[in-house]
Amino acid sequence: MTPARREPAPVSARDVVELGWALQQDDAKPRTAVLERDRLAAQQLAADLPPEHHTARLLAWLRITRDPDRAQLRRRTAAGLSAVTAGLVLIGIILGYTSALAVFAYDGNQPVNIVCALLVYGIANLALLALTILLVLPQQAIPLKRDGEPKENFLTGLRDALLWISPGRLGSLLLRVLPGDLKHTAQHLQTHHRVYGHAQAWQIITWSQTLAIAFHAAALAAFLQLVLFTDLAFGWATTLDLGPESFHTLTAWIALPWSWLGFANPSWTLVHDSRFFRGQPFDANGLQAWWPFVLMVMLTYGILPRIAARIIAGLLLNRAFAAALRWTPGAGEVLARLAAASATGQATTPEASPEPTAPSSTPAPETTPAPTSPTTHTLTIGWAGLSADHAAGGAQSLEQDRATIQALADTVANADTPPVITLRVKAYEPPVLEILDFLTDLRQALGDAIPIHAELVGQPQPTTTQTQVWQQRLATLNDPWLRITPGSSPPEPADA
Amino acid sequence: MPEPKPTPPSPPTPKPTDSIRGPATRPAPRFVVVGHPNTGKSSLVATLAGDASVRIAPEPGTTAKAREFPMRLGSGDSSQTLYTLIDTPGFQRARRCLAWLEQHSTGPADRADTVRRFVAAHQGTPDFPDEVELLAPIVNADAPAGVLYVVDGSTPYGPEYEAEMQILRWTGQPSMAVINPIGDADHTDDWKAALDQFFKIARVLDAVAARFPQQLDLLRAFGQFRDDWRQPLDDAVQVLQQRRTAQRRAAAGLIAQSLADMLQAQATRKVDPDKPEDPALREALQTELMGKLRKAERRCHAAVEEAYDHPGLDREEADLSPDTTQAIGLDLFSQEAWLLFGLKPKHLILAGMAGGAATGGIVDAHLLGQSLLAGTLLGGAAGAAAGWWSAGKVAKLPMTTQRLLGGGTELRCGPITQPNFPFVLLNRALLHHAAVANRTHAMRGSLVIHTDADAGQLNSLNDDQRKQAATLFKTLRKDNTPETLTALTELLDTLLAD
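Protein sequence lines, in the order shown, are assigned to chains S and C. For the first sequence, this note's numbering gives the first residue as 2, with consecutive numbering after it. For the second sequence, this note's numbering gives the first residue as 536, with consecutive numbering after it.
Just to be clear, a hint being listed does not mean it is correct.
[Unchecked claim] Covered stretches of chain S (chain C as the covering partner; in silico rule of three or more C-beta atoms under 8 Å from a C-beta of chain C):
1. 188-199
2. 430-442
[What the hints assert, rightly or not] Quick partial rundown of chain S residues pointing at chain C, CB under 10 Å, derived from the structure:
3. ASP232
4. ALA309
5. LEU336
6. ALA337
7. ALA348
8. ALA385
9. GLN460
What the hints contain is simulated information worked out from the structure, not anything from laboratory work. Beta carbons: idealized from backbone N, C-alpha and C, even for Gly.
Please take these sequences and the hints and turn them into a complete structure.
Rendered as structure tokens:
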């Protein structure tokens, strides 16, 4: 697998469909598997992919986690969308070509009516484009009533009508014919219309502009074909009360965008001479001079606005796809998981279990109160700075420890009654092996039967947990004469 | 007796931090976390590494083997390790170890070598298993590591620590002490006085409760160990800050989406218009709506927890185990939750006014001022009145009936339209986020937030934020388009950053 790209890429319908489908599939997967997959995915994201690049991160995630099923879904989605586009282009070409053959039909009896060409490739085109713009205007641009609901006026009525005849309404019909997974995905898109609605609308608008471009391109091609390979004569005729002066002014206005080119501007003579009336004979000589004007009309008011609309719609479609991708249900969770695992400090190896404690042949040392009998002689050892008759541990050297043990052994050997040896230890410090070593050496030096008490000194009292820890650890010594006594003294200053 | 404090090296030369160089250009710094048993070494590692799987227990010997926690960026060929933490078992026979070293050393010059010989001599033997585990990575000739010596600042300093610190000094590696107060008692000053004699740097850090900036401060302090570690650790800080930003943004998006869903949530059922209305059905729909909202909130909580790498965190859920002392545990529909998380009457009126005025302002704009701002004034007044009316009230679950296009009637419960409702949701989400974002991976147990302890965090929005939120909520109720969600996410990102 390759690391994710840094720059945000354009979002396509395939990405949106794939993400929706992938996240639906995740719902059925074990949570741990999803977390682990995204942890690995996060590590494959480019290190410098900024967190605010949600789209780029989601696209990268799609790329990294893609499996054959999803790749196939993408191919089928792309194929489906391409088929729709190709179908629309084909329809556009057929309509455009046939419309041109009809508009520019010339059999020598009557010239091609310029008014007709202007209407079909200029005025009608611009009117349809205006309706498209009305359709995509934000809600706020439509006048509102006081309560915030859209006012019922001509514009809103027209808009509602357009929405009613929108091909998007055919979506539910389309659902019935879609195969398995595509149908499921399409249903998902419908269910979450709020997320995908904009993208769907822009997809339809983009398609409609593609169709229009195909229409105008085919009409233009047919027109050029007729100009090149046949003889065409143009004239103008209208029932409206429009004289040559007015028509010349109109053509001058129409030709304004390309007037600076110095051609395709119909002259007064041409306008004047090319007016014709049905059933009346006409002189075709010189009437072919209209064709550059018609060509420029078809280019300027036909195909170019549609190309511009297609480019703008494509850009807005991409934005809508990006927004839909970001707010696809579950996408936020993916981003969250990617964020969490973008830099990971987890251990490379599983934690080893602690060494099992050797089973003790004696029970854990009992916790008993300190001996209070006046006849019992007690010798105390302070571990690591605790005050007592003898010192051990802490700042004492091992030699000094051994000397302490020897001194105690000698005392015990010479005593009439066996004393109790009490090792005062800090309950809040864990019983490290050093203490166990000391107790083992002490037992060896004293011999069996001499009671040794480990007095736990707390802050101020040993806690239950501390006592249990000491009990468990001392039990590993298997010393039946070893007991634990809770001490009551507060910790004493260490003799550092 | 401790030896004199080593002379601190000259200040390191600053290096550019604007780019993170590749792994081939430098070795990643390594830090071995050592100390007496039960001083919180594993807690510190869990917090800094963000690994909740580290075993933490009061019994000594929980950590039996040294474990590496590399902070990695990327994977495969593009993988980069920013730094590595190594968790180790605690010292068990420090004095015996030191005695061995003293016995086998010929002088100060061969001390580090003596430690290496100690490790080699006792590797695999039962004499010093823990000392070998903790010293081996420090004196590893291929990748020597810095030392983080951890002590428990809540227990008194004692002489039993001296041998450990002497051994660490023998390794010759740069070292730093971390005073980690595990309990309530405070012996920090004593510890500082003692540690200052052995370590150039001694920091106090509660490994379990350390907030993110404190964690970064500690990382930056690691950079003072060696000049050539400063840059990688600055890079690491940068990466972690980026991750934190990404986590916060992701959490903001999750909360925004959840709020949008919850503001529009409803429960519906087709009914026969000719039959009398069944009260049980109303109750069932209300229960269904409340269940939906609780579930949505829980899902959001779980996702936010995943964003901060706390998946599967235990949480007190009110309808499962009600506990009125815990803010997070309060049921969404309880009177306590609404009083605690909802806006105060004054704020509610202002928020309602802002939302109403915003809507009225749109009307004025479209009438090109012919209304003489009547829309703004009336809208603001209506919003304020709604805010005053709803102050102190718990969630009301509105029931409506609607004729369906295809015939029949639908009984609908929700969405909840009270102005206070989104603020209750928002403040709960903010409080939960704060608890999760500040939770370290050394913390164990359920996520618990007590109302008394965290009351200051509730209703923390200032006037501008409240107004902005009120306007966005009003829009969201009708239209949760990506644009509105993005605007709310940006506002939430600011609130979460605060």
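Per the CB criterion, is ALA309 of chain S less than 10 Å away from chain C? 24 Å, violated
Can ALA385 of chain S be said to touch chain C, with a Cβ gap under 10 Å? 4 Å, holds
Hint validity - GLN460 of chain S Cβ closer than 10 Å to any chain C Cβ: Holds, because the Cβ-Cβ distance from GLN460 of chain S to chain C comes to roughly 6 Å (cut-off 10 Å).
Taking a Cβ-Cβ distance under 8 Å as contact, does the stretch 430-442 of chain S have three or more residues in contact with chain C? Since 7 is at least three, the answer is holds.
With chain C as the partner, please determine if ASP232 of chain S meets the hint condition of a C-beta pair closer than 10 Å. 56 Å, violated
Examine the stretch 188-199 of chain S for residues whose CB is less than 8 Å from any CB of chain C, and state whether their number is three or more. The restraint on the stretch 188-199 of chain S holds, since 4 of its residues have a Cβ under 8 Å from chain C and three suffice.
Under the criterion of a CB-CB separation shorter than 10 Å, is ALA348 of chain S in contact with chain C as hinted? Holds: closest Cβ of chain C sits about 5 Å from ALA348 of chain S, inside 10 Å.
Under 10 Å, Cβ to Cβ, is where ALA337 of chain S needs to be relative to chain C, so tell me if that hint holds or is violated. 3 Å, holds
Residue hint LEU336 of chain S, partner chain C, criterion CB-CB below 10 Å: 5 Å, holds
This entry does not satisfy hints 3, 4, going by the numbered hints stated previously.
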